[in-house]
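Protein chains in written order, with my numbering: chain A, 1 to 111; chain B, 1 to 113.
Because the hints were derived from the structure by calculation, they are not lab data. A few of these clues could be false.
20 Å max Cα-Cα, derived EDC-like pairs, lysine to aspartate or glutamate [stated by the list, open to error]: (1) B/K101 - A/E55; (2) B/K13 - B/E82; (3) A/K52 - B/E100.
Here the structure is a predicted model, which means the values were calculated and not measured.
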Amino acid sequence: DAKTTQPPSMDCAEGRAANLPCNHSTISGNEYVYWYRQIHSQGPQYIIHGLKNNETNEMASLIITEDRKSSTLILPHATLRDTAVYYCIVRVSNYGQNFVFGPGTRLSVLP
Amino acid sequence: EAGVTQSPTHLIKTRGQQATLRCSPISGHTSVYWYQQALGLGLQFLLWYDEGEERNRGNFPPRFSGRQFPNYSSELNVNALELEDSALYLCASSRTGLGEKLFFGSGTQLSVL
Numbered sequence: 001d002a003k004t005t006q007p008p009s010m011d012c013a014e015g016r017a018a019n020l021p022c023n024h025s026t027i028s029g030n031e032y033v034y035w036y037r038q039i040h041s042q043g044p045q046y047i048i049h050g051l052k053n054n055e056t057n058e059m060a061s062l063i064i065t066e067d068r069k070s071s072t073l074i075l076p077h078a079t080l081r082d083t084a085v086y087y088c089i090v091r092v093s094n095y096g097q098n099f100v101f102g103p104g105t106r107l108s109v110l111p
Numbered sequence: 001e002a003g004v005t006q007s008p009t010h011l012i013k014t015r016g017q018q019a020t021l022r023c024s025p026i027s028g029h030t031s032v033y034w035y036q037q038a039l040g041l042g043l044q045f046l047l048w049y050d051e052g053e054e055r056n057r058g059n060f061p062p063r064f065s066g067r068q069f070p071n072y073s074s075e076l077n078v079n080a081l082e083l084e085d086s087a088l089y090l091c092a093s094s095r096t097g098l099g100e101k102l103f104f105g106s107g108t109q110l111s112v113l
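Throw the hints in and build the complete structure from the sequences for me.
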């Protein structure tokens with residue numbers, strides 16, 4: 001089972017920031033938080049990942065709370081092409097375990 | 001640098017037949033993962049191979065099997081196809097170790113008639 005919970009859907013106005021929350025209350029100390037997105041019928045696309053510190057790249061920012069029990073993916077200026085299902089994943093700590101995908105959040109960017 | 005490549009893009013089979021799906025990982029990646037995504041559903045983990053060995057397996061029947069070759073490419077075999085095996089099959093690769101990113105291919109759409 002996935003170790004994360006996300007809202008099933010969210011809307012965001014084009015040009016505004018999209019803030020996607022994720023709860024991972026049972027995360028362990030050396031488990032990373034990953035974010036991926038999937039546009040209809042395509043392979044999931046890596047967005048960003050982090051362990052403890054906040055991270056930023058050309059696509060997004062990842063804010064992880066100090067207790068690491070939740071995180072937020074921020075798309076600073078959402079476009080229509082950001083409409084997709086966004087998956088928050090905690091990769092279990094033992095070598096030999098897989099990336100478990102939950103149902104994700106369906107983000108709709110509205111014109 | 002080439003990404004993860006999967007073949008074929010589409011595959012049509014009839015019930016009871018066998019299907020073979022192929023995956024070439026990114027150069028330098030030794031781990032290959034297989035996922036099944038039925039229409040409108042999430043990604044279900046199938047198999048994970050690393051350094052030629054099966055490291056983990058999802059909750060799928062034994063007729064789902066695979067292997068990883070010395071060049072780290074991988075094959076997924078589905079025997080005795082059933083209608084509910086119709087799905088998008090996604091392959092992903094990564095380097096070994098925690099904190100490594102998973103990169104996905106575009107998938108093989110398997111249709112069982």
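Quiz item: Broken hints, numbered, in rising order?
Solution: As far as the earlier hints go, not one is violated by this structure.
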